[in-house]
Amino acid sequence: MIKVHLKIKRFNPEKDKKPWWGEYDVEVEPTDRVLDAIHEVKWNIDGTLALRRSCAHGVCGSDAMRINGRNRLACHRLIRDEIQNGQITIEPLLGLRVIKDLIVDMEPFFAHYRSIMPYLVNDTDPGPRERLQSPEDRARFDDTTKCILCAACTTSCPSFWARGEYVGPAAIVQAHRFIFDSRDQGAAERLEVLGDSNGVWRCRTVFNCTEACPRGIEVTKAIGEVKQAIATGKVR
Amino acid sequence: MTTLNASASPAARRTVRPIPQGRNRFERAMWLFMRFSGLALLFLALSHFGFQHIIVGTHRLTSEDTIVRWGLAGESITISQLFWRLYYGVMVLLAMLHGLNGLRQVAYDYLKNKTVYNAFMAAAAVLILAVTTMGVIALIVGVNASGATAAITR
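Sequences listed follow chains E and B, in order.
In the numbering used here, each residue's number is its place in the first sequence (first place is 1) plus 10.
In the numbering used here, each residue's number is its place in the second sequence (first place is 1) plus 457.
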């Protein structure tokens, strides 16, 4: 067991005028996850600490937060990899309104997600079977199927911090997943949404999103491919 | 055993229905402009650097070199002088417009009030286009003889 000093940014809009740092000492294993250390605080030190988490295994994407200044999933990062001089600093995601402590209002994020029509668009009759696809066609958009909508990418993006109207990397990744799906027919509509002034053109290729993605998706590359599709009118 | 018999056309050959043009046309054009002007500027700036500081040489650069390369204002010019005037005219034009569009992107991020944004961009566009026009005219017209003589004498 090692001792870890957790510095957690706290804010309760019903009580606090501005955010403050809560400091807690916990004992955990180096191989425990950051989420375990936060649980230690929540369950044994201060029950008022608010956070989101569900599966706790890097699948549901609900515990994305800023850990030592970088967007990470708390259930995905081990104490030994994050501890710096005995301390770990934890903050809520940037760019979204804080509801309480580590919980942010995800609605603007999901509104952008809905705007790109994140579902298969195809009105043709598939016949008696499912719509088939070759392994090569499936591989074309494989990377962007991995997105778990944790918002780590979108809330690491300086363009999104500056302007919440920007559709954001996650919505573009989700659009990419359908635009490059050979079974889908809604690419033109999606590319129109993403070609708007608050669409893909707001991306400055900073690569924060790629660095932040806990699933290792090449987010900036996907955004680049969508830009190229809009610029050329062709989905390759 | 079920075998995969994909009859869907490969994604590689898909062409999207025409994207409705309108509000997005400007941003798309600007994005393409930034890419192509950036590439052109890379070539122009590096070749300028190579010519001035390697071929001519940093320690041998004089105002006379410039006059010979540009030619004097009001006098007939050679093909070589025309080339250099156009070369630097294009560089100034692309650099200033590239910068103006970059400034527009930054202003859009920070100036949330639409009136303030429009006023700022209008002022920036007028100022930058005025400076660019002056620069391009100065480059295209050539070196002012009396001014050049004064500079060399000093």
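These are calculated hints, taken from the structure and not from any lab test.
Treat the hints loosely; a few may be bogus.
Listed next, the in silico DSSO-like pairs over lysine-lysine satisfying Cα-Cα at most 27 Å (straight line) [claimed, not checked]:
| id | chain 1 | residue 1 | chain 2 | residue 2 |
| --- | --- | --- | --- | --- |
| 1 | E | Lys13 | E | Lys27 |
| 2 | E | Lys244 | B | Lys569 |
| 3 | E | Lys110 | B | Lys571 |
| 4 | E | Lys231 | E | Lys244 |
| 5 | E | Lys52 | E | Lys19 |
| 6 | E | Lys244 | E | Lys156 |
What you are looking at is a predicted structure, and each value in this text was computed from that prediction instead of being measured.
Check the structure against each numbered hint from earlier and tell me which ones fail, lowest number first. 1, 2, 3
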